[in-house]
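Between the sequences and the hints, there should be enough to build the whole structure, so can you do that?
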Amino acid sequence: MRELGLAEAVALGVGIIIGASIFSLAGVGVKLAGPNLPEAFALSAAYAFLIAYSYAKLSRKFISNAGPVEYVVRAFGDNLLVGTLALIYWLNFVFSISLFTYTIAGYALGALGLADDAFLFSISQALIISIFVALNFKGSKAVADTELILVIFKLAVLLTLIVLGLRVINPELLKPDASPQGILNALTASSLFLLSYAGFGVITNASENIRDPEKNVPRAIYLSLALSAVVYLGVSIVTVGTTERAKVLEAEEYALAVVAKSAIGSWGPALLTLGAIVSASTALNSALYGGANVAYSLAKKGELPESFDRRVWFGEPEGLYVTAALALAFSLSLNLEGVAEVTTISLILTYISVVLSHWKLRRVVGGNAAVVLTALVVLVFNAIIILSHEFLTNPLAFQASVGTAVGALIFEAFYRSWRKRAIKARTLQGAEGLKRQPVETS
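This note's numbering puts the first residue of the sequence shown at 1234, with every later residue one more than the last.
Where hints are given, some of them may not hold.
Estimated spans, in silico, between C-beta atoms of each pair [claimed, not checked]: (1) ALA1655 to LEU1345: 46 to 52 Å; (2) LEU1314 to SER1355: 33 to 39 Å; (3) SER1355 to ALA1603: 44 to 50 Å; (4) TRP1651 to ALA1275: 43 to 49 Å; (5) VAL1610 to PRO1413: 17 to 23 Å.
Hint data in this document are derived by calculation from the structure and do not stem from the laboratory.
C-beta: ideal position from N, C-alpha, C; glycine also.
Below, the structure is given as structure tokens:
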């Protein structure tokens, strides 16, 4: 794979961060935060920057496509919890694929006026995942060749919504709810919206292919987060400021299509529907062939191959079917909010592991201890907020979130003893600082 410069790395980050989540979570966000949606997105961006600080510091020292698992094994060595993290890291992609599937089905059926048909919705989800599995390697390469064009297209769609929507803003609709319940709702939404910024971590998974990674990976992380936050803030302002809440909630699975009618006009819903489907499709393809395959190989074998094409499944074709089947099961079992919540919890577990690794390695990689501790407190707080919300409003999602962590731990204990698999640090020949040796943390 050719090397990516800073601009290309930022484009990669923005393209991944602004994936399907803004299209799928806009309705859920209005449901949770109401008029406080822009504030919730801004607060979530602050959380993301705190977490990104650890990724940026670690990525300067450890340049590896294994991403967060590399950082944790460097900090703590191989053990049961590190192996569990490798499984959860793979499950992050499984849950994300469920969310992308939900988004495609929601907007496609919403455009046809059929989104309320539960049976048809389920059939559509199964069909969508089946199509992407059938594409396999050839189809994924075809999409990969046009990814930059598709990223530009979805950004153009969202910027069109923002620019035209700002002209018809109703300031009365933007008045924040400062009541205790309103503030709590905004905090809950901000915790969930961490999912919307998740893509910045994927930049570290491509760090071996980025030119001058010690400098460009951290820069790409911060720049892509900043650009994405601006877009999200604009979309959230237009969403709240142009469309009555009741109308958005009626179309929770395809909310931005409804917002587009108020903000753009009669052709708006078609534009946003196309943008959502294209965005979710590229995100699903990227997760299935450019993320889940890497994570599955790492979880199964404990290491990545020395050289690889991210668009294949490394001789582990069963991983494709297991990933797709689990993703379909989750998307059929939970509603949209539940899928988003479970995905966010699995993501937070990964983030906590990375931040703890940064704390352990802070004398090696550098970093402000206060920032690292603040990030850890914020992550624990967000996990408590989401789990509490799930427990009170969506018991099945709560069970899935807890079951994911406990199930991964139990499975790892069994798999580790059965296959004698160990998680190994990645060694790159000629890459400074990446020899397979213990890291001194004292």
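Status of the hints after comparison with the structure:
1. ALA1655 to LEU1345: 46 to 52 Å: holds (51 Å)
2. LEU1314 to SER1355: 33 to 39 Å: About 36 Å separates the Cβ atoms of LEU1314 and SER1355, which means 33 to 39 Å holds.
3. SER1355 to ALA1603: 44 to 50 Å: Given a distance of about 48 Å, which is inside 44 to 50 Å, the answer is holds.
4. TRP1651 to ALA1275: 43 to 49 Å: Holds, since TRP1651 and ALA1275 (Cβ atoms, about 47 Å apart) stay within the stated range.
5. VAL1610 to PRO1413: 17 to 23 Å: holds (21 Å)
The structure fails none of the hints (numbered hints given earlier).
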